[in-house]
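There are 2 protein chains.
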Amino acid sequence: MPELPEKASAFIDWYLAVVEAADLTDKRYPVKGMNVWTPYGFLARRRLDRVMEEEIEATGSRPVEFPALIPETEFQKEREHIKGFDAQVYWVTRGGSTPLDVPLVLRPTSETAMYPIFKLWIRSHQDLPLNVYQIVNTFRYETKTTRPFIRVREIHFFEEHTCQRDEPTATERVQSNLGAFSKMAERFGLPYLAVRRPDWDKFPGAFYTVALDIPLGSARTLQIGSIHHYRENFSRPYGIQYEAPDGSAQYAHQTTFGLSERLLGAIVAVHGDEKGVAFPSDIAPYQVVVVPVPSAKGADPTPYAREAVADLQKAGLRVHMDERSDRPGAKYYYWETRGVPLRLDVGPREAAARQLSAVNRLGVRVSLPRDGLVESVRGALAEYDAGLREKAQAAFVAAFSRAERVEELTGSSTVRLIGWCGSETCGHAIEKAIDGALLGTLEGPPPIDLGAPPACVVCSAPSGPSWAAAGRPL
Amino acid sequence: MPELPEKASAFIDWYLAVVEAADLTDKRYPVKGMNVWTPYGFLARRRLDRVMEEEIEATGSRPVEFPALIPETEFQKEREHIKGFDAQVYWVTRGGSTPLDVPLVLRPTSETAMYPIFKLWIRSHQDLPLNVYQIVNTFRYETKTTRPFIRVREIHFFEEHTCQRDEPTATERVQSNLGAFSKMAERFGLPYLAVRRPDWDKFPGAFYTVALDIPLGSARTLQIGSIHHYRENFSRPYGIQYEAPDGSAQYAHQTTFGLSERLLGAIVAVHGDEKGVAFPSDIAPYQVVVVPVPSAKGADPTPYAREAVADLQKAGLRVHMDERSDRPGAKYYYWETRGVPLRLDVGPREAAARQLSAVNRLGVRVSLPRDGLVESVRGALAEYDAGLREKAQAAFVAAFSRAERVEELTGSSTVRLIGWCGSETCGHAIEKAIDGALLGTLEGPPPIDLGAPPACVVCSAPSGPSWAAAGRPL
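Protein sequence lines, in the order shown, are assigned to chains W and C.
Per numbering that gives the first Met the number 0, residue 0 is the first one in the first sequence, and the count goes up by one each step.
Per numbering that gives the first Met the number 0, residue 0 is the first one in the second sequence, and the count goes up by one each step.
For the record, the hints were derived by calculation from the structure and aren't laboratory data.
Don't take each hint at face value.
No copy is singled out in the list; a pair is fine if it fits within one copy or between any two copies.
Said to hold, decoys possible - Think about it this way: if two alpha-carbon atoms lie no more than 30 Å apart in a straight line, the pair counts; the simulated DSS-like pairs of lysine-lysine are:
no.	residue 1	residue 2
1	Lys313	Lys182
2	Lys390	Lys143
3	Lys118	Lys143
4	Lys313	Lys143
5	Lys26	Lys330
6	Lys82	Lys31
7	Lys31	Lys313
Kindly generate the complete structure, drawing on both the sequences and the hints.
Below, the structure written as structure tokens:
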């Protein structure tokens, strides 16, 4: 069994090797950056999708699905937005052997697909808020090096689009999305940074963008999602107006909230270790794997193991029984690499004592009695999740440090928390020093206790009320 | 409120009006035949997907997802298959402003996307069977008149693809698929016909095709899915070989099983009536709608109703509380049109008596005590489903009749069960007479008790062991 590269010193190599070893995707599809979701990877993705569905629907958002193809005529309506995507979209130009009258864009994101229809759905203030979301695939003609889940050409994507009455209610929706994401992140076990991007780095067409960044060590960050306030930037070109209570016609204020399959990449990157992936139990394709360990002396424990599996499955747990003929050690290694939270080993001794030997993915061992197994397995999973979260939180805190002067940013091995006056000139100086990006100003308190932000690291002018962060986005 | 056209005499008009009235889709998207899944339609579709997932995974199939774009070079490998799709595919020819070196096809179905990878996944007989499925959207440049769910250009699609050792095991998989579909159909409340298509009507590249047809009255049928045995027709061009136990290299025998969003169209068409849609409770976006009916005299029943809703939701039922300010009659009409299985009305009298007035979508009324509500609602839904199924079964049986001579097919108002010698000449004579299609020979006994099939309706030669069916596919 091949050794994995070291996570700390060779992060990208480690990441690629872990994804490969855990069999989450197959990169051999004959279009670069369009990968196959293997059964195991798909099951993890399905869990991510279900968590997103549950948490966003709890905030009053309803699922929809808009077509994948967008007519060029609609796509061209919002200029700034389009400039942001023009070089990156796939064009459908023929149907059969016939050139299409109007070429179609494969959705890179769905503003331009949805908003002509929102115009039809919205008449009066009573139709607001309109909060809808979809989970679909989007497409980008990516020219940079592709990486599984992190930079691909067909992207599994969650996108909420909303219409609100005015700027303050749209701001409330942004806050509601941040609340929903904090619940999702809790279930994914992912500590994150919510940062308002500098103007030069916001989403094309946005009034402002709050990005969700995951620090990955060595000052690296991964943007796994973002929330945008569009103000009237789209509702004007797309004519999304409503009749206000006073009878006047008003443009809706819009917001969007996007999350991508990078979430799976982040889960691999944050929780993975020298043995492979480690899934939080809410996301794990299998929460429990049961391995019968027959031995020459003693009765075959398989029937006993099967009965336990049936009990756990009946209780709604995702359990897999590994009855392959491989030796137990090979199975242990196999499921560790794949990040299964809890393994239950069952030999003749366990069967005789009506017990099961449990070992979780963090290496904690405990013996569970057969009676009340469902409850004790649930308890063991909760304990595992708490351990995983604690480990992730410790790494999160260690990923940041404060910097007083712009020179400290050069070669930094942590994401730097700094004062920033808000000017673009100082921003670019910060980006040059860290050889990365000014991620923006934090929404909420910094991840480490630092008090009020100091003066700008570049010009020493007073900074705003929030800390800024600088790092090196993947 | 507009009257719906009559189902019996103006089926297509009725169908279109019902789909519109129930707000299942929005056809105003600016690409013809690419429709928007509205929240209500999407929720129904999600239920269909979950049922398909559950039933196919119970037969050992695992979910995957392959890319939506297929390189022309892979697409061209199986000639007969390609001929079947050549005029119908969308071509992606540009990325940004760059012409692609190899044009990409938007998947019309995924044989040509999956099989180059199956070749890599399969080495030995121990890798078989390979049973995987995906639920994705497929694309067809459809030139016929489009109809919601029935004929669209972006099609929501379930497709299982399998590799088996040999022809008999592949035949077993076809039978397993038929078994899985019978369980799905039970949950959809859809009686159906499984028919082996005549050779001239089988899927391009198939050895044989078993189609799943739903009779819709007046000899109309709707193919909502199909199962294909490919023999080695794809494994040879795609090189899908395995090492047999004796060391020899063998080509896999392949099967596929496809179901489309036509299932939703069939549910609308079969269960719908003069009031609108009627959903089986397993598929209904909301299984129960609760309508509080305040009155001038008596306390506001809303808190009582909310408590009941919370109980039902906690038990896992899909319940919607309609607190809009519209008058109760308008709400009743609204939810009837949308096919909600069970409505619970709660006025001050019900609240005082700790009861709820239930009325199901078939018009059956009953009073349910507040105590034990979850169980009695489950019972009421089961009773409703049985009633719906019985009604559908009666219509199914009435949709068929036997014919002895080819002349009886002309102008037939039922799907005709006939003897057929198996020859293409007689088959075409049958199709001409009924002005439709020879659907094929039945898999299993006919839907009405008829004994052994008689001689061919055209040439009087002996027919095979199975009845044949002829109708007019939509």
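Homo-oligomer pair classification [Lys182, Lys313; C-alpha up to 30 Å] | This pair counts as both: shortest intra-copy Cα distance 27 Å, inter-copy 20 Å.
Can you give me the call for Lys390 and Lys143, within, between, both or neither, at a CA distance of at most 30 Å?
-> Result: close neither inside a copy nor across copies, 32 Å intra and 59 Å inter.
How would you label the pair Lys26, Lys330 (within, between, both, or neither) given a Cα cut-off of 30 Å?
-> within (24 Å within a copy, 52 Å between copies)
At 30 Å max between alpha carbons, let me know whether Lys313 reaches Lys143 within a copy, between copies, both or neither.
-> Intra 46 Å, inter 48 Å, cutoff 30 Å: neither.
First find the shortest C-alpha distance between Lys82 and Lys31 inside one copy, then the shortest across copies, and answer within, between, both or neither for a cut-off of 30 Å.
-> So Lys82 and Lys31 pass the 30 Å test inside a copy (24 Å) and across (27 Å) alike.
Should Lys31 paired with Lys313 be assigned to within, between, both, or neither, using CA atoms and 30 Å as the limit?
-> So Lys31 and Lys313 fail the 30 Å test inside a copy (42 Å) and across (46 Å) alike.
When no copy is specified for Lys118 and Lys143, does a C-alpha distance of 30 Å or less occur within a copy, between copies, both, or neither?
-> between (36 Å within a copy, 29 Å between copies)
Going through the hint list in order, the structure does not satisfy hints 2, 4 and 7.
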